[in-house]
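Could you put the whole structure together from the sequences, leaning on the hints where they help?
Residue-level listing of the chains:
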Amino acid sequence: MNKIIKYVIADLLRSRTIMVYTAVLAVLSVSVFSMEDSAGKGVVSLLNIVLFVVPLVSLLFSTVYLYNSAEFIELLVSQPLRRDTIWISIFVGLAVAMSLAFMVGVGIPVVLYAATASGVMLMLCGAALSLIFVSVALWATVRVRDKARGIGLSILLWLYFALLFDAVVLFLLFQFSDYPIENGMVALSMLNPIDTSRILILLQVDVSAMMGYTGAIFRKFFGTDGGMAITATILVLWTVLPFWFSIRFFKRKDL
Amino acid sequence: MNGWVNYVLSLCVCLLVVGMPRAATIKVGKQHAVHTITKALELAADGDTIQVDGGVYREGNIGIRKRLMLVGVGNPVIDGEQKYEPVSVHAPYVVIKGFTICRSGHSSMKDMAGVKIYDTHHVMITDNVLDDNFFGIYLQNARNCTIRNNRLVAYGKAEQLIGNGIHGWKCDRLDIAGNTITGHRDGIYLEFVTHTDVQGNQSHRNVRYGLHFMFSHDNGYYRNTFTGNGAGVAVMYTKHVRMEHNVFNENWGDAAYGLLLKEITDSHIADNTFAKNTTGILMEGSNRIRIQRNRFENNGWALKIQASCMDNTVTRNNFIHNTFDVATNGSLVLNTFERNYWDKYEGYDLDNDKEGDVPYRPVSLYSMVVEKYPMAMLLFRSFMVTLLDRTERVLPSLTPENLKDDYPLMQPVAL
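So the sequences go chain by chain: A and B.
The opening position of the first sequence corresponds to residue 1 in the numbering used here, with each subsequent residue numbered one higher.
The opening position of the second sequence corresponds to residue 256 in the numbering used here, with each subsequent residue numbered one higher.
Everything labelled a hint here was simulated from the structure, so no lab data went into it.
Because the structure is a prediction, the values reported are computed rather than measured.
Where is the CB? At the ideal position from N, CA and C, for every residue including glycine.
One or more hints might be untrue.
[Claimed, not checked] Distance condition first, Cα-Cα at most 35 Å in a straight line; then the derived DSBU-like pairs of lysine-lysine:
| no. | chain 1 | residue 1 | chain 2 | residue 2 |
| --- | --- | --- | --- | --- |
| 1 | A | Lys41 | B | Lys609 |
| 2 | B | Lys659 | B | Lys517 |
| 3 | A | Lys147 | A | Lys251 |
| 4 | B | Lys599 | A | Lys220 |
| 5 | B | Lys352 | B | Lys365 |
| 6 | A | Lys220 | B | Lys412 |
| 7 | A | Lys41 | B | Lys659 |
| 8 | B | Lys494 | B | Lys599 |
| 9 | A | Lys220 | B | Lys517 |
| 10 | B | Lys412 | B | Lys531 |
| 11 | B | Lys285 | B | Lys352 |
| 12 | B | Lys627 | A | Lys41 |
| 13 | B | Lys609 | B | Lys531 |
| 14 | B | Lys627 | B | Lys659 |
| 15 | B | Lys517 | A | Lys41 |
| 16 | A | Lys41 | B | Lys531 |
| 17 | B | Lys609 | A | Lys220 |
| 18 | A | Lys41 | B | Lys599 |
| 19 | A | Lys220 | B | Lys531 |
| 20 | B | Lys494 | B | Lys425 |
[To be verified] Coverage of chain B stretches by chain A, computed from C-beta distances (three or more under 8 Å per stretch; other residues unrestricted):
| no. | region |
| --- | --- |
| 21 | 542 to 555 |
| 22 | 628 to 638 |
[To be verified] So the derived label-pair ranges between C-beta atoms look like this:
| no. | chain 1 | residue 1 | chain 2 | residue 2 | range |
| --- | --- | --- | --- | --- | --- |
| 23 | A | Thr116 | B | Lys338 | 27 to 37 Å |
| 24 | B | Met469 | A | Thr116 | 36 to 46 Å |
| 25 | B | Asp612 | A | Ala23 | 46 to 56 Å |
| 26 | A | Val24 | B | Arg648 | 21 to 31 Å |
| 27 | A | Ala23 | B | Lys627 | 41 to 51 Å |
| 28 | B | Ala413 | A | Val24 | 53 to 63 Å |
| 29 | B | Thr646 | A | Arg143 | 34 to 44 Å |
| 30 | A | Ala115 | B | Val668 | 25 to 35 Å |
| 31 | B | Met469 | A | Met228 | 34 to 44 Å |
| 32 | B | His377 | A | Ala117 | 50 to 60 Å |
| 33 | B | Val668 | A | Ala23 | 34 to 44 Å |
| 34 | B | Ala510 | A | Leu237 | 31 to 41 Å |
| 35 | B | Met665 | A | Tyr7 | 52 to 62 Å |
Written out as structure tokens, the structure is:
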């Protein structure tokens, strides 16, 4: 298992895409921090980039990588190895590579320019999003055999998480604003890891505004230790569940 | 010549001697003849000084009805035993200095206070500690009084169970300076108080407001700090107020405001700092106020200006790192925004006059949305919302057309 993980990581870290991704993130973060006059504003500007780019790249890159290494996977399967070992190794390899790229690209500038609570939260959330979307990509590829359709599905999934979900939430919010929907809304935001991460960072960046009417509800939930534990659990579940579904399917799959 | 000097000298001595008995000093304490302050008050005549040594004095209510000076030496404690009003002042020209006055009775019927001043003038309360009283210092129908350098501490849990720190009712020309007030209902409460200066006070963590006044015209508030009070600062129904160099910060909550202005007119709010409040200033029915040279930093909403306000001028302020700069609740705008620095301004300055060439619209679409649907804060800073805001900036349709700063500054105002 360790051997496969090592091989996958070595293979990924040599790939040009990962290097370009790391470099682009680094250039973006450094330029954002040197342009904005305060660290807080830098974190806010970076927030949109992280919430947008990290899921997209994690999802698309993992999908493409898996389709490209279909033959390699077939080869591994023909060896006396357990199928779940192979799949876990591939997941760990991809997850390590993606989060490492993020940590180098965004983490180092954040530590240098904005080592604040909001900066740290941004780093943690970005790393979590990397893992989650690698896991989602595994699920998408294992379900769809055709490469073009698989990549299409990934892009659709990304569109859904990054844009459509928010539009739906906004619509529901306007439609049901006369009802006590606060708790429901918090629960709803848990259905999208991007939203959950965004709210977590918001609670650090816009703390004054979040102390207002709605903030009271957010804070009661996200601000307490119990709420934090639940949120962290939800993010872990978002990593584990798609991966678990994919592993179940991979074990039965006729390659 | 020498005789003349002698004459003047002896005249001086005579005058001095004649004046002496009027200013006797009565010492109170264990090692003196007089053991209680009440006894000393009986013995004293107008103009005397009562010097009280350290120790605890439990004498029920001490009523001062003569023109006396009470000086505490070695921090004497006057204890109200949670039953009495420790000190009541009924006479003018009374000075109370250097005492710890504690544990007054609690009564909503009688409004008991650590020190209560009734219908008099020229009273001075300085350098005292007021600990665990219902009201701290209560001025009722008083004139020309001075309340300086006192420390007021109470341990209020709920609004209805505790009184105000410094409470003025129907007073004129007070001087309230350098006091520290914590844990009362309102730190400083003034009602029907006029021509008063409130300077250099610290009002922290009171249950309701740090400062609260109503119908109190022609007053000035300078260099005070109001931090972390239950609902910030609220001022109402008043004309001709000056608020300068104050700090309003960390007032957090749905109904907490750095400064709530309700029906305030013809006033000046200048050189203040509003930091980390949920709402920096909320203006309701307030007219002809000049808001200038203030710093608004890290607030949720820097300035909420309701459509019921008119002829206000907001100029030369710095708006830095607020979640929302300005919010309003209607489309009618009768106020002027000019030459402020907005850190969210994205325009340019081609003619280099240090003023942006395109107007800045401080009201974002989403701040209007959040005003109407507070839950929408959930989606703040998501891509959808940023997109909506951008579109609105380009083509204003929902945000008030006229609420804009035509000459936004490119650099922060030096304050």
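For a quick check of understanding: which of the numbered hints are violated here, in increasing order?
Those not satisfied are hints 17, 23, 25.
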